[in-house]
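Under this note's numbering, residues 1 to 124 are what the sequence shown spells out, in order.
For the record, the hints were derived by calculation from the structure and aren't laboratory data. Backbone N, C-alpha and C fix where the C-beta goes; we use that ideal spot for every residue, glycine too. Check each hint, because a few of them may be wrong.
Taking lysine-lysine and the BS3-like style, the derived pairs with C-alpha atoms no more than 25 angstroms apart in a straight line are [what the hints assert, rightly or not]:
1. K29 <-> K108
2. K93 <-> K42
3. K93 <-> K29
4. K29 <-> K42
5. K108 <-> K93
6. K108 <-> K42
7. K43 <-> K93
8. K43 <-> K29
9. K43 <-> K108
What follows is a set of in silico ranges between Cβ atoms, one per label pair, in the way DEER data are often shown [what the hints assert, rightly or not]:
10. D62 <-> G97: 43 to 53 angstroms
11. I121 <-> R75: 12 to 22 angstroms
12. T71 <-> E111: 15 to 25 angstroms
13. V115 <-> E57: 14 to 24 angstroms
14. V114 <-> N65: 20 to 30 angstroms
15. G97 <-> R53: 29 to 39 angstroms
16. K61 <-> R38: 28 to 38 angstroms
17. G97 <-> K43: 13 to 23 angstroms
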Amino acid sequence: MIRAAFPIFFVALAWPAFAAENPCQDVQKDPAFTACWREEFKKSEAEVARRLRVLAERHRKDEPNLHRLMTEAQRAWLVWREAACRVDTYESKGGSGFSVYWDRCQIKMNEARVVELQEMIDNP
Numbered sequence: 001m002i003r004a005a006f007p008i009f010f011v012a013l014a015w016p017a018f019a020a021e022n023p024c025q026d027v028q029k030d031p032a033f034t035a036c037w038r039e040e041f042k043k044s045e046a047e048v049a050r051r052l053r054v055l056a057e058r059h060r061k062d063e064p065n066l067h068r069l070m071t072e073a074q075r076a077w078l079v080w081r082e083a084a085c086r087v088d089t090y091e092s093k094g095g096s097g098f099s100v101y102w103d104r105c106q107i108k109m110n111e112a113r114v115v116e117l118q119e120m121i122d123n124p
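Go ahead and model the full structure; you've got the sequences and the hints to work with.
This is the structure:
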């Protein structure tokens, strides 16, 4: 009996953290729910773009080769993000909620990319 309660206990502890990371939790179901996640995706894209602009401004004149490499790396990262999200969302690809799963995957990937880019900004 203790074994069965153990996972439930940790899920209960983790729920507040998940709720804090789920900006669309209070939104009613479709279409507003889907639209909420689409907006969150757009925000995450803007954060990636903002950090890329900072790095581009830093390197465009002084380090044109590094700027070119950063551009190539970002293009490759976008291909990788799409491939990774195709794997991550494979089981839901035919479902009605697919677009939400897709946006959430891309948001997760963008959040990780923001951390990487911010590290580059902070440690030139």
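These are the hints, each one checked on the structure:
This hinted pair checks out: K29 and K108 have alpha carbons roughly 21 angstroms apart, not beyond 25 angstroms. Of the supplied pair hints, the one linking K93 and K42 holds, its CA atoms being roughly 21 angstroms apart against a limit of 25 angstroms. Under the criterion of a C-alpha separation no larger than 25 angstroms, the hint pairing K93 with K29 is consistent with the structure, at around 19 angstroms. At most 25 angstroms may separate the alpha-carbon atoms for a hinted pair to count; K29 and K42 meet this at roughly 19 angstroms.
At most 25 angstroms may separate the alpha-carbon atoms for a hinted pair to count; K108 and K93 meet this at roughly 18 angstroms. Under the criterion of a C-alpha separation no larger than 25 angstroms, the hint pairing K108 with K42 is consistent with the structure, at around 12 angstroms. With a C-alpha separation of about 23 angstroms, the suggested pairing of K43 with K93 holds against the 25 angstroms cut-off. Pair hint K43 plus K29 holds up; C-alpha atoms about 20 angstroms apart against a cutoff of 25 angstroms.
At most 25 angstroms may separate the alpha-carbon atoms for a hinted pair to count; K43 and K108 meet this at roughly 12 angstroms. Checking the proposed 43 to 53 angstroms range against D62 and G97 shows it holds: the Cβ atoms sit about 47 angstroms from each other. Under the hint 12 to 22 angstroms, the C-beta atoms of I121 and R75, about 19 angstroms apart, fit the expected range. At roughly 21 angstroms, the beta-carbon separation of T71 and E111 lies within the given 15 to 25 angstroms, and the hint holds.
Distance hint check for V115 and E57: the Cβ-Cβ separation is about 20 angstroms, which falls inside the suggested range of 14 to 24 angstroms. Checked against the given bound of 20 to 30 angstroms, the beta carbons of V114 and N65, roughly 24 angstroms apart, stay inside it. The hinted range of 29 to 39 angstroms is satisfied by G97 and R53, whose Cβ atoms lie roughly 33 angstroms apart. The given range of 28 to 38 angstroms is respected by K61 and R38, whose C-beta atoms sit roughly 36 angstroms from each other.
In this structure the supplied range 13 to 23 angstroms holds for G97 paired with K43, their Cβ-Cβ distance being about 20 angstroms.
Violated hints are absent here; each numbered hint is respected by the structure.
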